[in-house]
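Going down the list, the protein sequences come from chains A and B. Going left to right, the first sequence walks through residues 1 to 249 as my numbering numbers them. Going left to right, the second sequence walks through residues 1 to 105 as my numbering numbers them.
Simulated from the structure, these hints should not be mistaken for laboratory data. Where is the CB? At the ideal position from N, CA and C, for every residue including glycine. Each hint should be verified, as a subset may be incorrect.
Unchecked claim - Pairwise CB distance ranges, derived in the manner of DEER restraints:
no.: 1; chain 1: B; residue 1: His31; chain 2: A; residue 2: His168; range: 43 to 53 Å
no.: 2; chain 1: A; residue 1: Pro111; chain 2: B; residue 2: Arg27; range: 33 to 43 Å
no.: 3; chain 1: B; residue 1: Ile5; chain 2: A; residue 2: Pro189; range: 35 to 45 Å
no.: 4; chain 1: B; residue 1: Pro25; chain 2: A; residue 2: Leu205; range: 23 to 33 Å
no.: 5; chain 1: B; residue 1: Phe37; chain 2: A; residue 2: Gly26; range: 25 to 35 Å
no.: 6; chain 1: A; residue 1: Arg142; chain 2: B; residue 2: Arg82; range: 14 to 24 Å
Said to hold, decoys possible - Derived list of chain A stretches under chain B, where covered just means 3 residues or more per stretch with a C-beta under 8 Å from a C-beta of chain B:
no.: 7; segment: 41-49
no.: 8; segment: 55-67
no.: 9; segment: 82-95
no.: 10; segment: 151-161
no.: 11; segment: 181-187
Residue-level listing of the chains:
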Amino acid sequence: MRDALGIGLAVGVSGVAFGTASVAAGLTVAQTCALSLLAFTGASQFALIGVVAGGGNVIAGAAGALLLGARNTLYGLRLSDILGVRGVRKAVAAHGVIDETAAAALAQPTPAAARTAFTATFAALFVFWNATTLVGAVATERVGDTSAFGLDAVGPAIFLALVWPRLHEGRRIVLVAAVGAGLALAAVPVLPPGVPVLVAAAAALLGPAPAATGGGDGHGEGHGDRTGLDSPAADGAAPEPDRPQEARP
Amino acid sequence: MTVWIAIAVTAAGCYALKFAGLAAPRRLLDHPAVRRFAMTVPVALLAALVAVQTFSDGGSALTADTARLAGVGAAATALLLRAPFLVVVAVAAGTTALLRALGLG
Numbered sequence: 001m002r003d004a005l006g007i008g009l010a011v012g013v014s015g016v017a018f019g020t021a022s023v024a025a026g027l028t029v030a031q032t033c034a035l036s037l038l039a040f041t042g043a044s045q046f047a048l049i050g051v052v053a054g055g056g057n058v059i060a061g062a063a064g065a066l067l068l069g070a071r072n073t074l075y076g077l078r079l080s081d082i083l084g085v086r087g088v089r090k091a092v093a094a095h096g097v098i099d100e101t102a103a104a105a106l107a108q109p110t111p112a113a114a115r116t117a118f119t120a121t122f123a124a125l126f127v128f129w130n131a132t133t134l135v136g137a138v139a140t141e142r143v144g145d146t147s148a149f150g151l152d153a154v155g156p157a158i159f160l161a162l163v164w165p166r167l168h169e170g171r172r173i174v175l176v177a178a179v180g181a182g183l184a185l186a187a188v189p190v191l192p193p194g195v196p197v198l199v200a201a202a203a204a205l206l207g208p209a210p211a212a213t214g215g216g217d218g219h220g221e222g223h224g225d226r227t228g229l230d231s232p233a234a235d236g237a238a239p240e241p242d243r244p245q246e247a248r249p
Numbered sequence: 001m002t003v004w005i006a007i008a009v010t011a012a013g014c015y016a017l018k019f020a021g022l023a024a025p026r027r028l029l030d031h032p033a034v035r036r037f038a039m040t041v042p043v044a045l046l047a048a049l050v051a052v053q054t055f056s057d058g059g060s061a062l063t064a065d066t067a068r069l070a071g072v073g074a075a076a077t078a079l080l081l082r083a084p085f086l087v088v089v090a091v092a093a094g095t096t097a098l099l100r101a102l103g104l105g
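This is chain B alone, in the form it adopts within the complex (with noise of 0.2 Å):
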């Protein structure tokens, strides 16, 4: 249930945030400081979602998922070398799977 309060939460938000942009002055573009944080603040919760859910389950805990390290590595890797996104993902997901059907990880 609490998933079903949260999906409906995050699509009214979401909605409003789209909604508010048709909606509200213009000018509201021009304040540096709400560009900015419009900006920035992406960056650094992508790159947080990145570290979290690399190294950890979900959880309290912080792990070391030996297979999705390497997974994420490769992911990394791939985009080094200007892979598409779909290389990309897939990249990651079957060294992760690889190593699994290997025994590590």
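Bound-form chain A, shown alone (with noise of 0.2 Å):
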């Protein structure tokens, strides 16, 4: 529980970084809430809200945003035996399925402790993420001219801080991401804005083979927090059991 609101606090932090580029980005308050609320997936949220920026087409926009939000699905296929959850119940969990909800969950030894962590989690992350979107938002609206705040780094150095621990998992890895970066600079010229990073999926297709990559890669154990790549607040928030393998060298 207390780990719930260490987490909730440092996720809380981020959906400050959210709002202020959200409105900064051009959004409303009212659609910079809305997108907390609703799609509640910080990586997405931030890549929908790079694309408006620039007056991208936002449609490519939110198929970037769908594809980074694809990892929920892999959380919540390991979380469905556990939360055992039916009908509203599951309606609502769904909603919930994130990063730091599932390394809280998978982190637990018993069945009934997941579902507390999780629930408990899920409780402080909705109520911070969304609180603090609120506060980041009206400041930024408030001020108006950001630029001389260099916030525009700070899109940048979210998405850089999220995919560094990925870096750490061997060459391929590294590869993909050179070669992703590579392809999406080579589309900025001649695609409209938003479709660049679309592109750059394709550079997956160089990913480590499934069993090739040492090291256990295997079964079962660890995929959750090696997707951990959500949350803005991953890397501070300091309890979080799940994340062993992201302990950097």
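If you follow the hints, you should be able to join the two separate chains into one complex; please do so.
Next comes the structure, spelled out in structure tokens:
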């Protein structure tokens, strides 16, 4: 429970960053808060507003957001047996299937503890993320021109922090990242804004073969944590026992 | 208006993706291609987002804004030094803001 609060606090602070970046990108406060309430998955939200910022193709932006959100499906697959929820409770629980809640739940020794951890983390995150989104959005709206505050560096910095732990997984992953970045940059002048990032997904084809990466990337263990990309806060949130592999060398 | 549509599509789609995981048969996860794609795609996308948001203003031109480049570079340095997330973000914004205040970028 205390862990849930800790994670909630850390995520909350990145909620301010999202609210700030979103309004700076040109979304209204209402649009910004709607995203945090309804999408409730950080990386996807940041991806969408990044495209809106440049007056880009918002449908391409939404597509990028959904590609990033696809890993929550994997968390759901792993959590469904443990949570054992049905009907309305399943519909509600689904909204909370994100990096932090999956990490917290999957780290527990028993299903009962996992359910408690999931619920507590979901509740804490939902409250903090949305409240702080509002704070960041309103504050930025008051300020007006935000370029003096260096907020345009916040988006890339956040994405860099999110991808950083993954780069320790091996050369193939670094190659995927480099080719993805290169493809996207090459596409910027020739494709509508928002689309270049989608093109970069093709770089995933260069990824490590399922069984070829040593280090026990085999069956069952520790997959949820490896995809821990959503959480702006995951890197800063100390109490996350489910992320052992991300301990940096 | 189109922004609202994009928000609706994103919200509905993100929810559907989450729900699909809870609802789908678990053996789907055992499919190596599914797992590999889901694990690797975010790396490509995030790296692309870093590159595009660093070297463009969102339009069709590649730009090199000195202050922003320095901010992202400072973030990378902070990550190398294992700084926590919030420090990384603060360093990026602070560096860029400082350089702008000095009249660079």
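Can you name, in rising order, the numbers of the hints this structure does not satisfy?
-> 1, 2, 3 and 6
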